[in-house]
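Asker: One line per chain: the protein sequences are A and B, in this order.
Positions 1 to 167 (full-length UniProt numbering) are the ones given, in order, by the first sequence.
Positions 1 to 167 (full-length UniProt numbering) are the ones given, in order, by the second sequence.
Since the hints were made in silico from the structure, they are not lab data.
Among the hints, a few may not be true.
[To be verified] Computed from the model, here is a short list of chain A residues facing chain B with C-beta under 8 Å: (1) Ile62; (2) Thr83; (3) Tyr136.
[What the hints assert, rightly or not] As a list, the in silico DSS-like pairs of lysine-lysine whose alpha-carbon atoms are at most 25 Å apart: (4) Lys82(A) / Lys60(A); (5) Lys82(A) / Lys60(B); (6) Lys15(B) / Lys107(B); (7) Lys94(A) / Lys94(B); (8) Lys94(A) / Lys60(B).
Note that beta-carbon positions come from the ideal geometry of N, C-alpha and C, so glycine has one too.
2 protein chains.
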Amino acid sequence: MEVEVKFRVSFDDMKGKIEDLGAEFKGEELQEDLYFSLPHPELLRVRWIRNLGRAYITYKYIQDPGKNEEFDELEVEVSDFKTAVEILRRLGFKEDVLVKKRRLVYKLGDVTFELSDVEGLGSFLDIEILSDDVVYAKERIWEVAKRLGLAEKDVEPRLYQELLKEK
Amino acid sequence: MEVEVKFRVSFDDMKGKIEDLGAEFKGEELQEDLYFSLPHPELLRVRWIRNLGRAYITYKYIQDPGKNEEFDELEVEVSDFKTAVEILRRLGFKEDVLVKKRRLVYKLGDVTFELSDVEGLGSFLDIEILSDDVVYAKERIWEVAKRLGLAEKDVEPRLYQELLKEK
């Protein structure tokens, strides 16, 4: 299970705080996420990481719709973004939203920080843990979030693609 | 466009003939092809090449249904067979037939020879050319087929998955 909480942040300010925490920088990714229309609470996405030349097909089932913090996730890397998109089109899936972002990834133990500047939406920090123990994961995420000065009021429960469609 | 003609053959006899023709051996593949139910004339398959540890998602549109010699093909390599299969299941596709074969691949110029021993069905040779010029491709395939002693009576127009379901 992928457990994550998304916060609205100031990019440069949060970058400094994450680094001060001693988190290890894992890399920068220029991501283009193409979402296909799928009945709620399922998600289907093809991600292209432009600067690394890598692409992924990802299926997610949202376990807590509305809150959007618990995801059952299946992902495979694919050899070509455009061909993967075309196969899904041929199989009848319709393109919905394209989310473009610059993302910095950090790790601190079992916690992953994804600090993103999302085109048209601003900056966000996803704090993520892979664990089937949701209670533990949420506690650990909030423990780290508080050390970064984040609070409940900073949480953004909506998905990026929902935010883009609401604009 | 993928243009190919499938012949029923004797494996060892045909192996010798292909090598006598001067074709270059490209490798041996132990393939497991899982087909999903899709409305005719579309095909959706996840291939696992066990001995090479590689997997592919392939979508084909049969341009000449019944004859099954002309295919519009889209294919991506994927990082994991089982996860790719599970994603397609979650997207609503139903597993149909599993085709297992041992395949030897040879190349002679623009012609590919796929000599297969298919579990439960016997041996077959696919002679294939990638070209949008179907007339040229068919002529070239038959020119080579005749040099291998193959004739119209040896052609097997049915797909492997059709042959397995008819058993």
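Asker: Indicate, hint by hint, whether the structure satisfies it.
Answerer: Cross-check of the supplied hints:
1. Ile62: At 13 Å from the nearest chain B Cβ, Ile62(A) fails the 8 Å test, so the hint is violated.
2. Thr83: 5 Å, holds
3. Tyr136: 25 Å, violated
4. Lys82(A) / Lys60(A): Measuring from Cα to Cα gives roughly 20 Å; hence the hint holds.
5. Lys82(A) / Lys60(B): 16 Å, holds
6. Lys15(B) / Lys107(B): Distance of about 13 Å is within 25 Å: holds.
7. Lys94(A) / Lys94(B): 20 Å, holds
8. Lys94(A) / Lys60(B): 19 Å, holds
The structure shown violates the earlier hints numbered 1 and 3.
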